[in-house]
Amino acid sequence: FIAWLLKKMKKSLVSINSRLQLIMKSGKYVLGYKQTLKVIRQGKVKLVMLANNCPTLRKSKIGYCAMLAKTGVRYYSGNNIELDTVCRKYCRVCDSDIIRSMPDRLVKSK
Amino acid sequence: MGKFMKPGKVVLVLAGCYSGCKAIMVKNIDDGTSDRPYSHALVAGIDCYPRKLTAAMGKKKIAKRSKIKSFVKVYNHSHLMPTRYSVDIPLDKTVINKGVFRGPALKHKTQQEAKVEFEERYKTGKNKWFFQKLWF
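Chains S and H, in that order, are what the protein sequence lines are.
For what it's worth, the UniProt record's numbering labels the leading residue of the first sequence as 1, then goes sequentially.
For what it's worth, the UniProt record's numbering labels the leading residue of the second sequence as 1, then goes sequentially.
Rather than coming from a laboratory, the hints here were simulated on the basis of the structure.
A hint or two may mislead.
Stated by the list, open to error - Simulated restraints on C-beta separations:
id: 1; chain 1: H; residue 1: Arg36; chain 2: S; residue 2: Lys61; range: 17 to 27 Å
id: 2; chain 1: H; residue 1: Lys67; chain 2: S; residue 2: Arg74; range: 26 to 36 Å
id: 3; chain 1: H; residue 1: Glu120; chain 2: S; residue 2: Met67; range: 28 to 38 Å
id: 4; chain 1: S; residue 1: Met67; chain 2: H; residue 2: Pro104; range: 15 to 25 Å
id: 5; chain 1: H; residue 1: Arg51; chain 2: S; residue 2: Lys61; range: 40 to 50 Å
id: 6; chain 1: S; residue 1: Ser15; chain 2: H; residue 2: Glu119; range: 52 to 62 Å
id: 7; chain 1: S; residue 1: Ser18; chain 2: H; residue 2: Leu14; range: 21 to 31 Å
id: 8; chain 1: H; residue 1: Lys69; chain 2: S; residue 2: Ser18; range: 50 to 60 Å
id: 9; chain 1: S; residue 1: Met67; chain 2: H; residue 2: Lys126; range: 20 to 30 Å
id: 10; chain 1: H; residue 1: Tyr38; chain 2: S; residue 2: Lys61; range: 42 to 52 Å
Even glycine gets a Cβ: it sits at the ideal position worked out from N, Cα and C.
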């Protein structure tokens, strides 16, 4: 049972990864805490993704602002280092805010 | 998805000498102007909160402890923390505007105007959260 559960989680992680890579290639996104907040304030965000080792204060702040802006927040089940490899950047990404310019395709498949 | 930096929203000031104070957004400039090329807002806030009142206090004491000192300032959005509260005090936009910061007399007058409005609202007992000091 546990093996199955792990496999299921792993599968969902893989699918999130592939979505993220798609966005990196063709969508609009913003990476990083400060920029994320700036864009949330402007109201241009469709989804925020946070790494799981984001410090809780920061997580709460982004969560609150996103709540005000009625934006979804998703918690990536991986580390910030893993988030970075998914985004193919050479630095650690603690919270990436992804603005999806192609909402239909991505949101539907989620 | 939704813009929430709007006039009437209560905001916490995060930076400067009024940090920790609650303020109301009076005017919001999203894209910035030539001398402030960032999104900023004019806020009117409470510098000195009204003190705690109990039933045992006499009228004179209550009047003294209900005083509010206000401030008017322009802040960068990143130095403000928006909250889910909003207060609809009719702050007179012709008096409270950005031209106020040209001279200290004008600024003082604006702060007086804000103070009067805030004290009136405090006396009615509405928007209690706004008039409570933020504890941190």
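Among the hints numbered above, which are violated by the structure, and what are their numbers in rising order?
Violated hints (numbers, rising): 2, 4, 5, 7, 10; every other hint is consistent with the structure.
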